[in-house]
Amino acid sequence: MARVTNWQIGRTMSYWYAENRPKRQFGAVFDINKCIACQTCTLACKTTWTSGRGQEYMLWNNVETKPYGSYPLAWDLELLKQLGPQTWEGGIYRGRTVFESAPPGERVLGWMPQSIDYAYPNVGEDETLGKVEKGAAMSLPQQIWMFYLARICNHCTYPACLASCPRTSIYKREEDGIVVLDQERCRGYQECVRACPYKKVYFNPSTGTSEKCIGCFPKIEQGIQPQCFVNCIGKIRLQGWVSPPAQAREDNPVDYLVHVRKLALPLYPQFGLEPNVYYVPPINVPPAFLTQMFGPGAAAAIETYRNARNDRTLAGLFALFGSTERTIPFFRIQGDYAIALDDDRREFARVPIYEPVHIRPAEDRLYQIMRSNTT
Amino acid sequence: MRHLIAILIAAPCLLTAACSRGPTVNTLEVRAVRGAAELPALDPQSSKWDRVPQHPARLMVQDVTEPRLTVPGVDLVNVRAMHDGTNVVFRLEWADATSDLIPDVGRGSDAAAIQLPLQPGADVPDAAMGQAGKGVQIAYWKSVWQDDADRAGSGKDRVTALHPNATIDHYPPQAGGAAREEMERRYAPANAAGNPILTARNGAVQEIVAEGFGSATPTAVQKATGRGVWANGKWLATIARPLNEGAGSANLQPGQRTYIAFAVWDGAQRHTGARKMRSGWIPLVLE
Chain A
1407 MARVTNWQIG RTMSYWYAEN RPKRQFGAVF DINKCIACQT CTLACKTTWT
1457 SGRGQEYMLW NNVETKPYGS YPLAWDLELL KQLGPQTWEG GIYRGRTVFE
1507 SAPPGERVLG WMPQSIDYAY PNVGEDETLG KVEKGAAMSL PQQIWMFYLA
1557 RICNHCTYPA CLASCPRTSI YKREEDGIVV LDQERCRGYQ ECVRACPYKK
1607 VYFNPSTGTS EKCIGCFPKI EQGIQPQCFV NCIGKIRLQG WVSPPAQARE
1657 DNPVDYLVHV RKLALPLYPQ FGLEPNVYYV PPINVPPAFL TQMFGPGAAA
1707 AIETYRNARN DRTLAGLFAL FGSTERTIPF FRIQGDYAIA LDDDRREFAR
1757 VPIYEPVHIR PAEDRLYQIM RSNTT
Chain U
3 MRHLIAILIA APCLLTAACS RGPTVNTLEV RAVRGAAELP ALDPQSSKWD
53 RVPQHPARLM VQDVTEPRLT VPGVDLVNVR AMHDGTNVVF RLEWADATSD
103 LIPDVGRGSD AAAIQLPLQP GADVPDAAMG QAGKGVQIAY WKSVWQDDAD
153 RAGSGKDRVT ALHPNATIDH YPPQAGGAAR EEMERRYAPA NAAGNPILTA
203 RNGAVQEIVA EGFGSATPTA VQKATGRGVW ANGKWLATIA RPLNEGAGSA
253 NLQPGQRTYI AFAVWDGAQR HTGARKMRSG WIPLVLE
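So the protein lines, in turn, are chains A and U. The opening position of the first sequence corresponds to residue 1407 in my numbering, with each subsequent residue numbered one higher. The opening position of the second sequence corresponds to residue 3 in my numbering, with each subsequent residue numbered one higher.
Take these hints with a grain of salt, some might be off.
Within a straight-line C-alpha distance of at most 20 angstroms, the following computed DMTMM-like cross-link-like pairs (lysine to aspartate or glutamate) qualify [to be verified]:
{"no.": "1", "chain 1": "A", "residue 1": "LYS1429", "chain 2": "A", "residue 2": "GLU1581"}
{"no.": "2", "chain 1": "U", "residue 1": "LYS236", "chain 2": "U", "residue 2": "ASP45"}
{"no.": "3", "chain 1": "A", "residue 1": "LYS1440", "chain 2": "A", "residue 2": "GLU1533"}
{"no.": "4", "chain 1": "U", "residue 1": "LYS225", "chain 2": "U", "residue 2": "GLU31"}
{"no.": "5", "chain 1": "A", "residue 1": "LYS1452", "chain 2": "U", "residue 2": "GLU95"}
{"no.": "6", "chain 1": "U", "residue 1": "LYS225", "chain 2": "U", "residue 2": "GLU186"}
{"no.": "7", "chain 1": "A", "residue 1": "LYS1452", "chain 2": "U", "residue 2": "ASP86"}
{"no.": "8", "chain 1": "U", "residue 1": "LYS158", "chain 2": "A", "residue 2": "GLU1462"}
{"no.": "9", "chain 1": "U", "residue 1": "LYS236", "chain 2": "U", "residue 2": "ASP77"}
{"no.": "10", "chain 1": "A", "residue 1": "LYS1452", "chain 2": "U", "residue 2": "ASP77"}
{"no.": "11", "chain 1": "U", "residue 1": "LYS50", "chain 2": "U", "residue 2": "ASP86"}
{"no.": "12", "chain 1": "A", "residue 1": "LYS1625", "chain 2": "A", "residue 2": "GLU1462"}
Calculated directly from the structure, the hints in this document are not laboratory data. Note that the structure is a prediction, hence the values are computed from the model and not measured.
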């Protein structure tokens, strides 16, 4: 075991290998508030990568409804239960990560699902926390809550799958930090399936090997965002590069949201993997639940998000989500526009910070009728 | 006269041992007897095995490297061996309440293996998969490979065998007409990459060399064969190979004393890879 720095938990921690960050790290921001669980991302991924035999219930990208949805079944609850109650002190995690709490004989604290656990990818879909008082569904603030959690492989800085593989069949690409599983070397031991807390490595019974999200690296290599990003009709996703905090740049969109504004948060940072998909937390959810899921920064992130529309940089940056197929390494706000810039700071996409708003009165005087917004 | 008396005394004992008290047991070593023609290489239930001495090989949990096996599985494998001067066959017998063939999530494939030092001699490699510069050769019998071969005629793939009631309307990669095979191969990336774990060239046994944990590599030459039969809560499996497999292999010869080790995986207990029951080195004598 080596000692490595995990900025997401504010301290060093134990990991199977020494710290070795890639030249640049695949990073993404998902704005949960905009997700409608249409599953277009899920299908975009599935039709591209996992339509074969043995991949019937394999969804590298999935969208589940929280609090009751999960794929595979109870993936997060199983581990939270094993990990037990843990504490944060300010921004520092005082509990134990999955590496630090590995039982004797194991490299990682994990659990092994059964094939039936993958058979209900939409369990709990659209279910709210509880029942609503009669009539209260139409009132604000909302008394109950639910939200959609879109998930892909987090291409972690400290992947548990990689640490657990006794054959070193999993590696992290030096050029982009994408975590891939060597399909020629894997012998199907399933240690990675057991170890990944996000359960984003899958066993293929047809080939007898494990498979996982490849971050659409053939697209990344051409400067294009992955399938699940470019097909997102809600425009909730942005793919770029995330730096460690000391190298964070204000003109890097992922850095800006993650480090500068602390608006996008990692999923279950307490597991200790330094995951690199960051979520803008849902504003209608109680802070206690969000703190457990996204760490202690959740409440502050919601406050920032509530004011995002009045913040020209944030509003502009969110307008860039889904505006281009290309990876957005840099951006700038200029006048009324948000501009996407490539590695050489050349503009390749531009969107208005605010779309023009047209208000149509309820009454159409010309035709003397009341307008209706139902069709 | 003294010889005759010895024979007269020994013969009924041997007979009794063979008929009512099971085989002769040799706890010291695995003795490969020189068998008649037609070694039962693919017949673990052959009556030819009845006359071969048996070595009860004690198995221990693999606790040398992570992931270790913390809950013990089967702790005994009974080994018999026969050779004919050209080929050698080992028959392994171990208790297993269930037959687990096709691996799935959280479910392994019953398997067993024999291991020989690549270089003969008393200076043996680490019994746990060998070590750098001192390799081992393993012949690995895995029930899923055998089951694949057995199912081949029926056209049933692993998925339909695992989930016989599942309905799958369509695999898009199969809709490619002439390009169908190529597409199906591409959508099974391990297959497209030529991963040797998919199948054993000779049906059920794969030959592997290793120089320590995590280094197992199938060899270019694959000559081992074997067959397992599960019945009444136990597996009987043969692993057969030529005594001499050529350069880069653990080669054996009649009259030789060397070492052998065994390992058993129980699919129902999720044994895979390093999570296994294994033995240390046991003397192997070829008559």
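Each hint tested on the structure:
no.	hint	result
1	A:LYS1429 with A:GLU1581	holds, 5 angstroms
2	U:LYS236 with U:ASP45	holds, 15 angstroms
3	A:LYS1440 with A:GLU1533	holds, 17 angstroms
4	U:LYS225 with U:GLU31	violated, 25 angstroms
5	A:LYS1452 with U:GLU95	violated, 44 angstroms
6	U:LYS225 with U:GLU186	violated, 29 angstroms
7	A:LYS1452 with U:ASP86	violated, 54 angstroms
8	U:LYS158 with A:GLU1462	holds, 16 angstroms
9	U:LYS236 with U:ASP77	holds, 13 angstroms
10	A:LYS1452 with U:ASP77	violated, 44 angstroms
11	U:LYS50 with U:ASP86	holds, 13 angstroms
12	A:LYS1625 with A:GLU1462	violated, 24 angstroms
The structure fails hints 4, 5, 6, 7, 10 and 12 (numbered hints given earlier, in ascending order).
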